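Peer 1: From first to last, the protein sequence lines stand for chains X and E.
Residue numbering for the first sequence is 0 to 285, as defined by numbering that gives the first Met the number 0.
Residue numbering for the second sequence is 0 to 368, as defined by numbering that gives the first Met the number 0.
One should not assume that every hint holds.
Here are the simulated distance ranges between beta carbons [what the hints assert, rightly or not]: (1) X:112 / E:108: 40 to 46 Å; (2) X:112 / E:15: 19 to 25 Å; (3) X:172 / E:194: 33 to 39 Å; (4) E:124 / X:189: 30 to 36 Å; (5) E:28 / X:123: 27 to 33 Å; (6) E:15 / X:123: 47 to 53 Å.
In case anyone wonders, no lab produced these hints; they're calculated from the structure.
Please read these numbers as outputs of a predicted model, since none were measured by experiment.
Cβ coordinates follow ideal geometry from the N, Cα and C atoms, glycine included.
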Amino acid sequence: MTPASSPRSAGYWRLRRWIDNLAFAAVLVVLLAPVLFVFFWVVSLSLKFDIDNTAYPPIFVPPTPTLDNFRRLFADTPFALYFWNSLLVSGGATLAALLLGVPAGYGIAKSKAHGLAVLMLISRMTPGLSYLIPLFTLFQILGLLGTLWPIAITHLVITLPIVVYVMIGYFETLPPELEEAARIDGCSVWQAFRYVALPLARPGIVVGAILSFIYSWNNFVFGAVFAGRTTRTMPVAVYNMLTFEQFAWGPLAAAAIVVMLPVLFLTVLIQREIVGGLTAGGVKGA
Amino acid sequence: MATLELSSVRKSFGATNVIHGIDLAIAHGEFCVFVGPSGCGKSTLLRMIAGLESVSGGEVRIDGKRVNELGASERGLAMVFQSYALYPHMSVRKNLSFGLENVRMPQAEIDRRVAEAARMLRLEPYLERRPGALSGGQRQRVAIGRAVVREPKIFLFDEPLSNLDAELRVRMRAELGALHERIGNTMIYVTHDQVEAMTLADRIAVLRDGRCEQFAAPLELYNAPANEFVAGFIGSPRMNFLKGTLAAAGAGDASVALAVGGEVHATGLTAAGAKRPTAGEPVTLGVRPEHLQLVAPGAGQADMKVDLTEQLGGESYIYGSLAEGATLVVRLAGQTRIERGQSVGVDFAGSSSLHLFDGEGKALARRTA
């Protein structure tokens, strides 16, 4: 009697798994290398003295790291103001998007009005530059230029579709019986939304808010058109540094890091929230 | 307590009609069960009563008052969902009190009712837990409790036990029966399980394809089914049906020439409908497994070959086939020595119960035990 196939030893399988992991890691490194290298280089630039920036052979890890670039950034430019501007614009646009987009997403999900959802996306697909000039004229007539209002309002084009789309997805997964139970329990449609659907969609609200904040935070074109000297948002400020203070790589990299940090922080935060599900136990098998 | 009347209630989704005009009158304190196969419209009908589905035609009346236009929140009903539909983000206590807070009931009264329901349903140890931390049976009791605290005019149950395991289902069934006994409200209960229907109901509405086939007390459905569908749906194993033609029909007797050969002469029949049986008409002979008698081969009206015997200890089922693919099930009390492959005679005429249905399946005449 001979077995159909000879069994492999445990050692073989251990080796095999190790090789698989190694190959996977190699592929990851190759795919992520361009991104990771740029990130690494920006961090490196921000911590080096000017003299080291253009050194050849390049200095990757500064021998004596310095925070001088960050100090110069905040001392020589009104970067704290730009940070505050960005915070107001992105925060305001996100908040407004939540106020409008969460009920809108609920309505679209419950009435299965997917046409409306697509319509929503069209505003996002249209290139921003194509309607910025008419908007510029409009804001001029309204006397809003030179304030943060035009920037915050146009950022709704970015934040609102994100919030609506994320919320549609969340509300569609809510079992309809929960709201039906609420209606039987004497709730109006708004009360069912407020007391049942909304608390259960909290992870969706967090995800939508963070995503729209990130996209708004990094947006350049609306700020570039509408911002005045004191109403720049950070991406615009970074761009302006590039033009006026040519080759100031250190402060520029420091500015990029400051722009990046909140986004980095929020991205780490969002990963945990996406995993959490609140609907467990409400209906069978959930 | 409340009455519920449905008069020619219809429901259509677009061009598809799902409920074709149902008339029912449910009395104060009655336990009414809607039973029927999947897709017969029983859940839709319940949701229309609840106000979760609009009524396409006809009228739903609670206490004589038309409620077609009232929303679910204004009808004063409570519903227990198949999936329980507990609010997962609220504690058990909050789940119970939510509906009462919505109507701005005084807090003392809310506390009293929640405590009362928790005591009755043995939920006191779990009041501060979330539904996610409860077992299936406990969740089911919370769902019932949420209905009980409302002290509704009518309780609606949509297959409430179908997610429980067999043992728990039997226990919850008994508890539901006891609950109805104790609080005495009108209850409407949807199920596809005929055992639940038979054991719980004061009256059962048997639904098929959006029509009510019969609305009667459980034993009346069993003893005097209005048609072949009801006869086949109620009772397990289901009633045996044999095709034949009416050879002769008198005032209280009839002769049926069976398609499988043999003739059954039945006496002591009473008319079941307005229609008089006429000779030559195609009929179906119906007899329940427990009403058939096995005799020696050749001694009955037909002989059958045994395909399978199921011995349950207290009773036995004999599955056999006749000529032309017709099959029969016979229930015998106790245990049997009949084996597969054996040939036995079947006595119809001596059976204590017989049903005759016309070509459209309507009951013509019957003899009941």
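Peer 1: So, against the hints stated earlier in the document, which numbers end up violated here?
Peer 2: Hint check: 5 and 6 fail, others pass.
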